[in-house]
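S.K.: What follows is the residue order along each chain.
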Amino acid sequence: MSYVPSQDLLQQLRSGNPWALGRLISRAEVGVPEARQALAEVYRSAGTAHVIGVTGVPGSGKSTLVGKLAGALRARGEKVGIVAIDPSSPYSGGAILGDRIRMSELANDPGVFIRSMATRGATGGMARAALDAVDLLDVAGFHTIILETVGVGQDEVEVAHASDTTIVVSAPGLGDEIQAIKAGVLEIADIHVVSKCDRDDANRTITDLKQMLTLGSVVGPKRAWAIPVVGVSSYTGEGIDDLLVRMTAHRAAMTDSELGRERRRRVAEFRLQKTAETLLLERFTAGAEAFAPALAVTLTGRGTDPYAAARQLIAKTIREEYSNELA
Amino acid sequence: MEQLLAMDQTPIRVLLAKVGLDGHDRGVKVVARALRDAGMDVIYSGLHRTPDEVVNTAVQEDVDVLGVSLLSGVQLTVFPKIFALLEEKGAGDLIVIAGGVMPDEDIVAIRKLGVREVLLQDTPPQAIVESIRTLVAARGAR
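Chains S and R supply the protein sequences, listed in that same order. Positions 9 to 335 (the numbering used here) are the ones given, in order, by the first sequence. Positions 333 to 474 (the numbering used here) are the ones given, in order, by the second sequence.
Because the hints were derived from the structure by calculation, they are not lab data. Glycine is no exception: its CB is placed at the ideal position from the N, C-alpha and C atoms. Don't take every hint at face value.
[Stated by the list, open to error] Covered by chain R, per the in silico footprint, the following chain S stretches (three or more residues, Cβ under 8 Å):
1. 16–27
2. 103–111
3. 115–125
[Said to hold, decoys possible] Some chain S residues close to chain R (C-beta under 10 Å, calculated; not the full set):
4. 34
5. 35
6. 37
7. 94
8. 128
Make a model of the complete structure from these sequences and hints.
M.R.: Here it is in structure tokens:
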């Protein structure tokens, strides 16, 4: 089969072809240069979907929750896109992407599109092309897009800069572990979910989180959105409807408000920074290969110093490439 | 072609699927692990999937290779359905391979349907890796 141009795929995607959507996500992930123009158009026409970030420690029940949430949104008639991220092996670069096993009830529903992604060396709990995938799903007509991060530790908070509403999932029974992450990922939640709330010890976790939030509201700055804590059991279905209500309320709070405008500006700025970082790194790596050996010779002979040589290397690799952009 | 350059550095994406009532997944898990350790992105379907579910997953995940593991003897029922669905969804360029245990005459039959490689129970993991790499390299950019 011959190579289908990305512009053609974009047209097919707009008319609801899932195969074209899948293929364009792949091209974004690979970074195919031919697809860049089509993806630029996608970014410009995206921005209507409600993007929900879901994060939490490994095994907290993120994928199962996402599956249940998607089911509930489907029952309301919404089309749901899911981008589920799992870690790549730091040794082989390979990955086992197992999130969709927990969402198997959705496999035959044409109103649901699930894409698994590996981190491929990206940090922050996300994959580099995850946001391109979100935009593509948006343009393909999915109303709600759920972005599920890898199981996180303490400082993988990027998802908060990539979503309209961020849900942090905590599992009961982690005890002191909760304390350990309190300074990091718990701070980014717009909504806290305590999963597995059919378990006896879930109430304790809910209380812990509520107390932490109360303390925050006493000593911290005044917040325009009161962060709720919702107990959910994906097993019994308890709490799912409540969570949907909170999600809708948060979305409403972000619509036509200073809070929402600020959030969207921050999201855009973050995207800009991340993209610039990627470009600089690519350019620098290529340039370093070309210019570093000669500079190293001078450096070896003590004809320059590391700081000056590094400045020269940066100037050589980056200046010529981007000097036109300011014109 | 510029897109070929990008292809080379990209992990091959593979969907490994168990279809029907077959509950034997030891083999497919070994294969999943071997492919992961060879640097591939592996999506495992879990047990008891239907051909519809498998094809929908393959399309959404846009995998390079779909590997179907069968130890229940239903290959002559499953593969015609899978190929018909792939065609219907425009995913005719997907590389389909089979693994497990099956009679020689069935292997001939499913190869005729379009199965590109049949890797039976005693295939060394490295041979599976090589076979997938060769098939994907021969297909080229997409």
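S.K.: So, for every hint listed, does it hold in this structure?
M.R.: Against the structure, the hints come out as follows:
no.: 1; hint: 16–27; result: holds (count 3)
no.: 2; hint: 103–111; result: holds (count 6)
no.: 3; hint: 115–125; result: holds (count 6)
no.: 4; hint: 34; result: 4 Å, holds
no.: 5; hint: 35; result: 8 Å, holds
no.: 6; hint: 37; result: 8 Å, holds
no.: 7; hint: 94; result: 9 Å, holds
no.: 8; hint: 128; result: 7 Å, holds
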